[in-house]
Amino acid sequence: MNGIHDLGGMHGMGPIVREADEPAFHEEWERRAFALTLAAGFLGQWNLDMSRFAREQMDPAHYLATSYYEHWLYGLERLLVARGLLTQAEIDTRVAELRAGTAG
Amino acid sequence: MSNENERERDTDMTDRDADHGHGAPLTETQLRVRALESLLVEKGLVDPAALDALIEAYEKKIGPRNGARVVARAWVDPAYKERLLANATAAIAELGFTGRQGEDMVALENTPTVHNVVVCTLCSCYPWPVLGLPPVWYKSAPYRSRAVIDPRGVLRELGVDVGDDVEVRVWDSTAELRYLVLPERPPGTEGMTEEELAALVTRDAMIGVARVEAPAGGQARTGRR
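Residue numbers (the working numbering), protein chains in the order written: chain D, 858 to 961; chain W, 2 to 226.
Since the hints were made in silico from the structure, they are not lab data. Quick reminder that beta carbons are idealized off the backbone N, C-alpha and C, glycines included. Errors might be hidden in some of the hints.
Simulated restraints, written as ranges between beta carbons of each label pair [stated by the list, open to error]:
1) D:Gly-866 - W:Val-167: 20 to 28 Å
2) D:Ala-946 - W:Glu-95: 44 to 52 Å
3) W:Arg-170 - D:Met-870: 30 to 38 Å
4) W:Gly-100 - D:Ala-946: 42 to 50 Å
5) W:Thr-194 - D:Glu-947: 27 to 35 Å
6) D:Phe-910 - W:Glu-168: 30 to 38 Å
7) W:Ser-39 - D:Ala-922: 25 to 33 Å
8) W:Thr-112 - D:Ala-922: 19 to 27 Å
Derived list of chain W stretches under chain D, where covered just means 3 residues or more per stretch with a C-beta under 8 Å from a C-beta of chain D [said to hold, decoys possible]:
9) 30-38
10) 43-56
11) 78-88
12) 115-127
If we strip away everything but chain W, and leave its shape as in the complex, we get (with noise of 0.2 Å):
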């Protein structure tokens, strides 16, 4: 714990000294980032406040959080869960969410027979207006290699234990189709509001490798609304 830690500070006082302009010097990657920005904008090709732009709106704006309130919403709304199946795309853009990386959305429910996990294995195609950039864990080599071959061992290495008598359908993502798994809705949460819903769903569920549990204690919780 404290060693990992103290391997945070390391990076981030590198990183600040490498921002400076002093301390240890700059590795050949980082180099290479400032050299194509400093280019670019000196030729006036790209803005630098619209660079900042877009990491902060990727940072700070765009994530899972999106994708939990579709999610939510699909729960207590039979009318839009309908949607959501029908037109992925529509029914998310409904709440507001658009653009990039999610032009095409296709949503897949989990079910008690049918478990659906999503993968790029070329690259790490994923839907970014609901989830945000992907984990480094999604665009890795062996998350990428073993989630079509042997589906069920990955899942229990990711801590999700799929019975024989469970369909498990692996999609493999695109650059023109990006999917989002419709989590199943945990028992003992009929109690609480769309969004008390939202705040139960993490990105791994609607990526198909994890579960949505019910908060310990949560109808107790519930109950003292």
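Only chain D is shown next, with the shape it has when bound in the complex (with noise of 0.2 Å):
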């Protein structure tokens, strides 16, 4: 399937930034992310081409004006909700509870 993830070929994207002695995690959140999405792939209730996929449902703009960590973290949330493995409802009730500082 084609869309913004395929993205060989378009114009206009800018320049490539690189940054010297680039660490491997910009942020603590990256880390867990990481961390999170491979460690619940071991559980063998998806492959790589099914993560990929996830990632691709992406709304195109929300695509490209998010992070390459935060692209893994929807992927996992569909993932582990379309696996049955967790429920949307739970989710976004812990994230709420979090929020609030009720939980954590």
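Two chains, two frames, some hints: make the complex.
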């Protein structure tokens, strides 16, 4: 399936910006999103192609406006829900609790 | 410079504060990651120790130093180079580098007449066991979009001038196949040891967006040994 992820050959995406001595992760949440995605993958409920497909479901404008590990997070959340490991309500409730400082 | 340092410090503070649950409110993204982690751990689906071990491995152990050892070995050992070009997965495994996102490897030799460069236009496919996790620019829209339509322009932008007489080959990685560029050994490094050579090899050279440079005064340095 083509889509916004299929970037090869597009024009107008701007200059390539390299960072000297770039760290593996830039923020703590990126470390956690990376490790969670790998560890949840070990459950054997999906394969690499399904992971990519899940990330490719992002709204195109959202895809271009978000960072790489945000794509991973989006995909992981959808796979966990699709495979019945977590429910969307469960996730949304926990997010709300964490925001309110009543969980975590 | 000082602005950059200041920005880094600010980021650090935000991270630390977030970790301790005070200071600036968590972003939506931070909240969602934390929500998934807490739910998955509570349900026994992921082990917190395994998460820490994964982060430690990809932050500290698995990185381009691995690939640099492969390249240096190929430069000093013609039989190894032949094996690497014939079956990269097996030759790389000889040095102990195996695993996820490197199950099927191909080595691409740069020569005076052919320059190879690697991209993943669809996402971020990259040979983890030899290069670690890909840098942000490799996963970014500008590189992914342009590497295949204007490779010479991209290379020039990244500081590599490829002559018109040199063929540029662009390799689009897939989930199944990952590439390692075997850069040209720089002139003036004939007297260097394998270990010294490995220290010259950069991540970007193994992606094909840089050349390996001999150290300034490299021969003199080697001569002192």
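Structure-based check of each hint:
{"no.": "1", "hint": "D:Gly-866 - W:Val-167: 20 to 28 Å", "result": "22 Å, holds"}
{"no.": "2", "hint": "D:Ala-946 - W:Glu-95: 44 to 52 Å", "result": "51 Å, holds"}
{"no.": "3", "hint": "W:Arg-170 - D:Met-870: 30 to 38 Å", "result": "22 Å, violated"}
{"no.": "4", "hint": "W:Gly-100 - D:Ala-946: 42 to 50 Å", "result": "37 Å, violated"}
{"no.": "5", "hint": "W:Thr-194 - D:Glu-947: 27 to 35 Å", "result": "57 Å, violated"}
{"no.": "6", "hint": "D:Phe-910 - W:Glu-168: 30 to 38 Å", "result": "35 Å, holds"}
{"no.": "7", "hint": "W:Ser-39 - D:Ala-922: 25 to 33 Å", "result": "27 Å, holds"}
{"no.": "8", "hint": "W:Thr-112 - D:Ala-922: 19 to 27 Å", "result": "41 Å, violated"}
{"no.": "9", "hint": "30-38", "result": "holds (count 9)"}
{"no.": "10", "hint": "43-56", "result": "holds (count 9)"}
{"no.": "11", "hint": "78-88", "result": "violated (count 0)"}
{"no.": "12", "hint": "115-127", "result": "holds (count 5)"}
Checked against the numbered hints above, the structure breaks hints 3, 4, 5, 8, 11 and satisfies the rest.
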